[in-house]
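J.: Here is how the chains run, residue by residue.
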Amino acid sequence: MCGIVGLFLKTPSLESELGLHFSRMLATMASRGPDSSGIAVYGNPASAGSLKVTLQHPANDYDWSIVAENLSRRFSRQPVVRIISTHAVFTLAAREEEVRALLEKMHPDVTVMSVGTNIEIMKEVGTPESVIARFKVERMTGTHAIGHTRMATESAVTTQGSHPFSTGFDLCLVHNGSLSNHSRLRENLRREGIIFRTDNDSEVAAGYLTSHMRNGETLSSALTHALDDLDGFYTFTVGTSDGFAVLRDRIACKPAILAETDDYVAMASEYRALAVLPGISEAKLWEPEPATVYSWRRKP
Amino acid sequence: MKTTTEERVVDLTTSTVRQLNHSLHQLRHTDGPAVWHVKEPRGAHSVACGLTVPVRIEVDGPTGYYCAGMNQVATVILHGNTGTGVAENMMSGFVLVKGNASQSAGATGQGGLLVIDGNAGARCGISMKGIDIVVKGNVGHMSAFMAQAGNLVICGDAGEALGDSIYEARIFVRGKAADLGADCVEKEMRDEHRSVLADLLSKAGLDYSPAEFRRYGSSRKLYNFKTEQAGHY
Amino acid sequence: MNSPQKPGLRESATFDRNVIHEIQRAAETGIYNIRGWGAKRALPHFDDLVLLGASMSRYPLEGYRERCATDVVLGTRFAKKPIHLKIPVTIAGMSFGALSAHAKEALGRGATAVGTSTTTGDGGMTPEERGHSELLVYQYLPSRYGMNPDDLRKADAIEIVLGQGAKPGGGGMLLGSKISDRVAAMRTLPMGIDQRSACRHPDWTGPDDLAIKIEELREITDWEKPIYVKFGAARPYYDTALAVKAGADVIVVDGMQGGTGASQEVFLEHVGIPTLAALRQSVEALQELGMHRKVQLIVSGGIRSGADVAKALAMGADAVSIGTAALIALGCNSPKLEEEYEKIGSSAGFYSDYQKGNDPAGITTQDKALEARLDPIKGGERLANYLRVLTLEAQTIARACGKSHVLNLDREDLAALTIEAAAMAKVPLAGTSWVPGSSGL
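Chains as they are written, first to last, in this note's numbering: chain Y, 1 to 300; chain L, 1001 to 1233; chain V, 2001 to 2441.
The hints are simulated quantities; they were obtained by calculation from the structure and are not laboratory data.
Please note that the accuracy of each hint is not assured.
[As the list claims (entries may be wrong)] Cut-off 27 angstroms, straight-line C-alpha distance, at most; resulting in silico cross-link-like pairs (DSS-like, lysine-lysine): (1) L:Lys1226 x V:Lys2080; (2) Y:Lys284 x L:Lys1176; (3) V:Lys2080 x V:Lys2154; (4) Y:Lys284 x L:Lys1226; (5) V:Lys2294 x V:Lys2040; (6) L:Lys1221 x L:Lys1098; (7) L:Lys1226 x L:Lys1187; (8) V:Lys2081 x V:Lys2006; (9) L:Lys1136 x Y:Lys284; (10) V:Lys2336 x V:Lys2294; (11) L:Lys1039 x Y:Lys284; (12) V:Lys2336 x L:Lys1221; (13) V:Lys2343 x V:Lys2368; (14) L:Lys1176 x L:Lys1187; (15) V:Lys2081 x V:Lys2343; (16) L:Lys1136 x L:Lys1221; (17) V:Lys2294 x V:Lys2343; (18) V:Lys2356 x V:Lys2336.
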C-alpha cells in the first residue's frame, strides 16, 4: 500500500519548477509509504532517432564508463551520460531492442529502469525524503512526473519492487491498492513476451497496458479493458511520452484526488500532497469517479 | 453552559493536530473559549475528533480524513473540502462541510446532524446507525450501504447501488438515484416522513418542499434468508 | 474404510458419510451450513512439537522456590498506559450476543481473579463486562455495532479487528437469531433478523489508510490506550509487517483453529492457515523489522493447555489468547449435560451449533432459561482455576527448561515430531538437525 502523486504541466511556464513542486508532493506522502520511493520524470527529450535509457546499479561508485564504451563501440557514437547516485541516464542513437540485448549480454548486473524519448525513472529503497535528496529531484525540469511512496505488501522491499514500473517505451505506472489476480495474468503476459522482473502485482498492471498498447490500443482503451481484466482494488496513475492518465476500479476504496488549474493537472492519494502546489486554493478539485479513465495530453 | 464569548485561534503551521485535540479534550463545559478557529489545516487528518463539549470549531481550509470523528455535542464548521470519513461515528452535535466531502461521510454515525453543502463521495452514510445527513449536492455509489437507522437526505443525485442491504434507515432523494442496491425500494411518502424531512431541510437551511423528494428504504426481503434470494448475494 | 459390522461394505474417503450428509442437506435447504466453533479437522498443531527439558547441558529451576515469572506488558510502543498482565493468557474477543450475559460476566470475573484481560466482541461493551473485567480490551470491528467514544475511553486497550482465524476475509449472512431485545438495541438492528456481517471496515481499506485510522483512535483517546491489530491467519508474514508499519502496538494473530459464534462451514474448514504456521511467520516478520518484543504478539487458535502456552511463547509470542477453551472451562460440552445435548440432536464433545442459540450450558445463548443454568460466580471460579492451571503448567515446563521467566522460552527449546510441524514451525525434527524448506519462508 502506498501514496501516489502525479503532476502534469499544461503549459511551459512551470517546467523549470517541475521538480520543485513534485518533490514536495512526494515528500508529503512519506506517511503512506516509508519503505521505498520512485519517480518518473518526463523532460529534456532525446532528439529524433535517439532515445534515453535510465540504468541502475546498486553500487554507488559503479563504473559507468565501461557501459558507455561498450555502447559507443556497438553504436558507433559516444552516448551522452548523466550519472545521479546509483542511476545513469544514457542518451544515444540506437534502437531499444539492440540496447537491451547489449546490456543483457555485457552488463547483466545493470537494471534498465526506463527506455523512451523523454522518460527517466529513478527509484530506491529508503524514505521519500532520502530518495528526493539522492536524485536531486527538486532541481529536475520537464513536462510531467509521477511518483510513488511505498509501504510494501506482498513483495519484498527492494529497489526493483518499487514503483513506477515501466514495461514499455515511455510508459510507466504507479499503483495504490492490491490486485488479486495478478499471478495468472503475469503468466499469460509472459507468454506474449512481456518481461517481468519482480513478483509485484503493480508490474503486472504495467505489463498489461504495454501488451494492449503494443497491439495498437490507445492508453485510454487499454485502461478501459483493464477494468474488466484486472481484479482487485486500485488507483492507477500512468505516464506516457506526452500524457498522463488516472483510473480507479469500480469499488473505488483506495483514495484519489485531482486538482486542475490553467497551468497544471495534479493527482495525489491525499489532499495534503496537493496543498503544497501553487494556486491550489483556486484549483478545481474533484475525486475521480470509479471505473472512469481520466487522461490529458500535452499539446505539441 | 457557555458564558464566555472568547474566541481562540490555533494555527496548524505552528501547532500540531495533537496539541489542538489535546486542548479541546481538556475543555469542560463552563471554561474556555466558546469558538475556536483552526487555521491552515492543509489537509491534516483527525482535526477536532473526539470532542465532548458544546464548543464551536471553525476550520478554515481543507481537511483530511476523519475530521470531527466521533463527535459528541460539539459544532464543527469546515470551510473547505474534507477527506474520508468526516464525522464518522458521530454521536451528537452538528458538523457542516462548506465544500465537498470524500467517501464514507458520516460512516456508522449514531446521532447528530451532518450537512454537506457540496457533494459527498462514495459510501455516504455507510452503516449509519441514527445520524442524520443532508447533502445539498450529489452522493457517490454505495451510499447508505447497510444503513441501519437515521435519515439520509440527498438534494442532488445518488450514484449506483443506493441503499444496498439497507435496514431501517430512510433515504430521501430530490434528484435521480442511478440505481438501487439490494433490498432498497422506493416507498410511499407519508405525513410522518414529510415532517421528518421538513425538519431536516430546515435545519440545513434549505427551503425545498418535501414534495420534491422521493423516499427509499428497505423492502425487508433480506431480513430472513430465503433460498430464492440467493442471487442477491 | 471398511465397515466392521458389515464386512464387504466400503466407505469412500472422498464421499464419506459426513460429506454425503452435507450434500444432501444443501440439496434440501438451498443454503450453506453454518455453525460455531473453529476448524474441526486435524491440523499440524502444537501437539506436534515437544519441549526439551533440562539434562546435562541445561539446568532446571526448582519448582516453588526458584522464581519463574509470568507477567507480560502489552502496548509499550506508543501507548501512555500499557497493559500489565499477570499471566500470558488473555480471553479473546467474544460478543455479548454470541454469549449470554452470564457467560460474559463469568469471563470477566475469572480473568480479573488472575490478573488478565477479557475482550469485547461484535456488539459493543456492556456495563457489566466493564464492571467485572478489570482489564478490558474493546474491539473495533467492521460492523461498528455499539461503537462509541465513551466506551473507547473506558477501555484499557483497543483492538482493531480485520478478521479472525475462523473466517479470514469472511462476512456474509448469518442465519439464526440470537438477536434478542437487548442485543438488537445495542446493535441498532431489528429483532429476529438474519444478521449480515460486513467484511471490510466502512471507512478505511488497506494498511496505508489503517495508519490514519489508528492515529484517529489515538487522538480520540489522547494516546493513552494500546492499539491492537487482529487478523485471521492467511498471509501473516505480510500482515504483521504491514500492521507494524501502520502503527500497531500489539499484533493479534488468530489461526484457523480459532473459533467463532457462527460462520459458514466452508470457511471454517478451508480458509486460513494453522496457528503453528501463522505464529512462526508473524514472529519472523517482527524479527526482520527489529520489532520483536517491541510490538507484542498475541496468538490464538486452539490453545488448550499450559503446554500449548509454553510452546507458543517458545516460538516467540508474548502472550496467547483463549476463546473456545474458556467456554469449555465454563462448561461448554460437559458430559454432565449429555441428556440435554441429545434432546437437540447433538452430544457432549460434538456440540458446536452456537448459532442456534439453544446451548444447554447457557453460554452461547440469549434464552433466559438456559442462561440461568450458568452461575456467573461459579463460572468465574472455574475460569480462574483453568487459567491458573494453564499458568502453572507453563511455568513447570519453563522451569524444566531452565527459564526464570516464561517469555525466555525460545525456539531452541523445541523439537518437532512431524515433518509438517517442523516445516511450519521451522523447528528441527526431533533427533535431527533437519528443518524442511528452511531456505524459503
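J.: Each of the hints needs a verdict: does it hold here or not?
T.: For each hint, the structure was consulted:
Proximity of L:Lys1226 to V:Lys2080 is assessed by CA-CA distance (about 50 angstroms); at most 27 angstroms being required, the pair is judged violated. As the CA atoms of Y:Lys284 and L:Lys1176 are separated by approximately 25 angstroms, the hinted pair is consistent with the 27 angstroms bound. For the suggested pair V:Lys2080 and V:Lys2154, the alpha carbons sit about 15 angstroms apart, so the restraint of at most 27 angstroms is met. A threshold of 27 angstroms between alpha carbons decides the hint, and for Y:Lys284 with L:Lys1226 the separation of about 48 angstroms lies outside it, so the pair is violated.
Between V:Lys2294 and V:Lys2040 the CA atoms are separated by roughly 34 angstroms; this puts the pair beyond 27 angstroms, and the hint is violated. For the hint pairing L:Lys1221 with L:Lys1098, the CA-to-CA distance comes to about 38 angstroms; that exceeds 27 angstroms, so the pair is violated. As the CA atoms of L:Lys1226 and L:Lys1187 are separated by approximately 22 angstroms, the hinted pair is consistent with the 27 angstroms bound. Taken as a hint, the V:Lys2081 and V:Lys2006 pair is broken in the structure, with Cα atoms around 66 angstroms apart against an allowance of 27 angstroms.
A threshold of 27 angstroms between alpha carbons decides the hint, and for L:Lys1136 with Y:Lys284 the separation of about 19 angstroms falls inside it, so the pair holds. Simply put, V:Lys2336 and V:Lys2294 have alpha-carbon atoms about 45 angstroms apart, too far for the 27 angstroms limit, and the pair is violated. As the CA atoms of L:Lys1039 and Y:Lys284 are separated by approximately 21 angstroms, the hinted pair is consistent with the 27 angstroms bound. About 42 angstroms separates the Cα atoms of V:Lys2336 and L:Lys1221, which puts this hinted pair outside 27 angstroms; it is violated.
For the hint pairing V:Lys2343 with V:Lys2368, the CA-to-CA distance comes to about 18 angstroms; that is within 27 angstroms, so the pair holds. Of the pairs offered as hints, the one joining L:Lys1176 and L:Lys1187 holds, with about 15 angstroms between alpha carbons and a cut-off of 27 angstroms not exceeded. Proposed proximity of V:Lys2081 and V:Lys2343 is contradicted: the alpha carbons are some 49 angstroms apart, above 27 angstroms. Of the supplied pair hints, the one linking L:Lys1136 and L:Lys1221 is violated, its CA atoms being roughly 31 angstroms apart against a limit of 27 angstroms.
The straight-line distance between the Cα atoms of V:Lys2294 and V:Lys2343 is roughly 51 angstroms, outside the 27 angstroms bound, and the hint therefore fails. Between V:Lys2356 and V:Lys2336 the CA atoms are separated by roughly 20 angstroms; this keeps the pair inside 27 angstroms, and the hint holds.
Going through the hint list in order, the structure does not satisfy hints 1, 4, 5, 6, 8, 10, 12, 15, 16, 17.
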